[in-house]
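Enquirer: Now for the letters of each chain:
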Amino acid sequence: MSEPNGHGNGASDGGNGDQPPRRPINIEINMQPYPAAPPPDSGPAEPEEADERPSKRLELVEAISAYVPSGLDSLAIGGMHMHNVPMAFVREIVRQKRRIRRLITSPAASLGADLLIGAGLVDEIVTPYVGFEYLGLAPCFRRAAQEGSLKVYEVDELTLVLGLRAGGANQPFAALPPGLELSDVAQANPDFYRPSTDPFTGREVLVTPALRPQLALVHAQQSDSLGNLLFKGSTFTDREMIGAARNALVQVEQVISNVQATRNPLGVGMPGYYLKGIVEAPFSCHPTSSHRFYHYDEAHLKEYLQLAATPAGFQEYLEKYIYAASETEYLSKTAIATG
Amino acid sequence: MRITFEEIGGRGSGKPYDTQELIAVVLARTLRNGEMVGTGAGSAVARAACRVAQLLQAPALNFVAGGSGAINPFLEPLVPSSCDYANLDCEAVLPLADLITSIAAGRLDTFLIGGLEVDQFGNVNLSVLGDPARPKLRGPGGAALPILTSVERTIIFMTDHSPRSFVPKVSFITAPGFLTGGEAWRKARAEGRIQGHGPHLVVSPLGVFDFEEESKRMRLVSLHPGVTVEAVKAATGFELVGPDEVPITPPPTQIELATLRELDQQRILRV
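The listed protein sequences derive, respectively, from chains A and B.
Each residue of the first sequence is one higher than the one before, starting from 1 at the first, in this note's numbering.
Each residue of the second sequence is one higher than the one before, starting from 1 at the first, in this note's numbering.
Treat the hints loosely; a few may be bogus.
[Stated by the list, open to error] Now the stretches of chain A that chain B is said to cover, found in silico as 3 or more residues with beta-carbon under 8 Å:
hint	region
1	150-162
2	237-244
3	267-273
4	286-299
[Claimed, not checked] BS3-like cross-link-like pairs, simulated, lysine-lysine; straight-line CA separation at most 30 Å:
hint	chain 1	residue 1	chain 2	residue 2
5	A	Lys151	B	Lys136
6	A	Lys302	B	Lys136
7	A	Lys151	A	Lys333
8	A	Lys333	A	Lys97
9	B	Lys187	B	Lys169
10	A	Lys151	B	Lys169
11	A	Lys97	A	Lys302
12	A	Lys97	A	Lys276
13	B	Lys233	B	Lys15
Don't read these hints as lab results, they were simulated from the structure.
Quick reminder that beta carbons are idealized off the backbone N, C-alpha and C, glycines included.
One chain only, chain A, in its complex shape (with noise of 0.2 Å):
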């Protein structure tokens, strides 16, 4: 056994009141003076530093060309309910008709959900709930499950958490509490409920896989260009996607200097390493929320349930909104830009 700090048996042992050894620290600290305060009214206030590291910035057809091939095994899809859902993202995954095998939401989806499966794009889903809270239940989840075109495995909010903070530890599976074998969620989907036996106490147990997702696509309201992100909200169950996630991207409202980015630490809701990268567009959840910066668009929500309510004016909203747009087009068309 090698020592290499040469402390001897020590080396973890902090706990009889003397400092614990160290290890030498190898790191030559640059110091680099304070860059000096710009005057007042001399331009802006936070001048674009000069940061080697590369950007993680893409735009948002290559990003979903590049990450999202058709057949894409499992995607993963952050928000919750009309807020916070990636919506330039899956409007861009419409247009450019990439099938998935496997659709994994947050607690509670909607438009983004629907609008997949009603393009039919999506073989299965994994999803404790599909529609639309106050406003109804989601209609191309409901048309397609009653027609049997799309298989759902409905599964509760703790188990879907559960799976995905195992998919973000490398475990092959979570242990679940006791009671959930009481509901028929459970008794319904053995995919994702197992009787086993807990190997500390030999009673029996019900375990779920861990849900590891191919892509994970979440909305954060700001970041910089290195993808360190800014919650201005709820974080729903957006992180532990990204966690869990082999791949995630991120659209933003504003990309923001590192340093702004980066003034609060504790702010920062994910760290940038964790993303392969981000998009930077403005109203690119609409017609649900971002957080802190638009409420959602109710009546647009509601022009979307009229017409979905039947697959042919589901399809007339495809056209008018989706495949003959590009995002910018698709603003131009709807209460942003109209006002």
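Got chain A sorted already, so can you dock chain B onto it with the hints?
Expert: Okay, now just chain B, sitting in the frame of chain A:
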């Protein structure tokens, strides 16, 4: 101890309150000082009930606004979506994953839930009607409902009261209530599968219901003003346990209604 003030309404011609407002007030009265209450998707009525209870009789009550993770939101004003940014005007925000795991850990005393169907033993369905593989109606799904056996009690509020929503046996148990009755429920509880005491109350547009101690069958507690026993029986798909003399649900007091409307400035509960 709840302070009651002069009652208004319930008599005369037009009711001075909406049914949703009555449900909010009835729910508020059932909440206890010091407990921690969960609410879910779309349940503005449940959030309003929690805040009214805090303001009137339960200042030490804590509650969470659904998936936003907002603890003790001020609801100024009450908004329709549980995950709205407006709910974050509150005392603390719990990351959603932590909130969800804390439910399983028994940190919630009461959960206010809704459903597509409720049955005579308080089991709730929010998932599917008919065969799950080819359902007649695919509902949204249960969200947190399957894990609420760890909560001390659930209170069920139903926006519809008809033979389609009050059924003898739900076609799919999303939230387990008293299962197939008292005996089965006591057995499951003895086996450690259930930590709480199950459904405590059901509040519908027609009345208030609880569950008979031994059989755990649903029982009529009170009729909302203007509702008859016959109307409730006709709207219920199973036989209710009921006393011969059924009291009337006390209508909202002036102070209850004023407190509620102070929050509900957008008139969400009056549509």
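Enquirer: Compare the structure with each hint and give your call.
Expert: Tested hints:
1. 150-162: holds (count 7)
2. 237-244: holds (count 3)
3. 267-273: Check failed, 0 qualifying residues.
4. 286-299: holds (count 5)
5. Lys151(A) - Lys136(B): 15 Å, holds
6. Lys302(A) - Lys136(B): 24 Å, holds
7. Lys151(A) - Lys333(A): 34 Å, violated
8. Lys333(A) - Lys97(A): 22 Å, holds
9. Lys187(B) - Lys169(B): 19 Å, holds
10. Lys151(A) - Lys169(B): Answer holds: Lys151(A) to Lys169(B) is near 25 Å, not above 30 Å.
11. Lys97(A) - Lys302(A): 25 Å, holds
12. Lys97(A) - Lys276(A): Cα-Cα ~22 Å, so holds.
13. Lys233(B) - Lys15(B): Given that 30 Å is the threshold and the Cα spacing comes to 23 Å, the pair holds.
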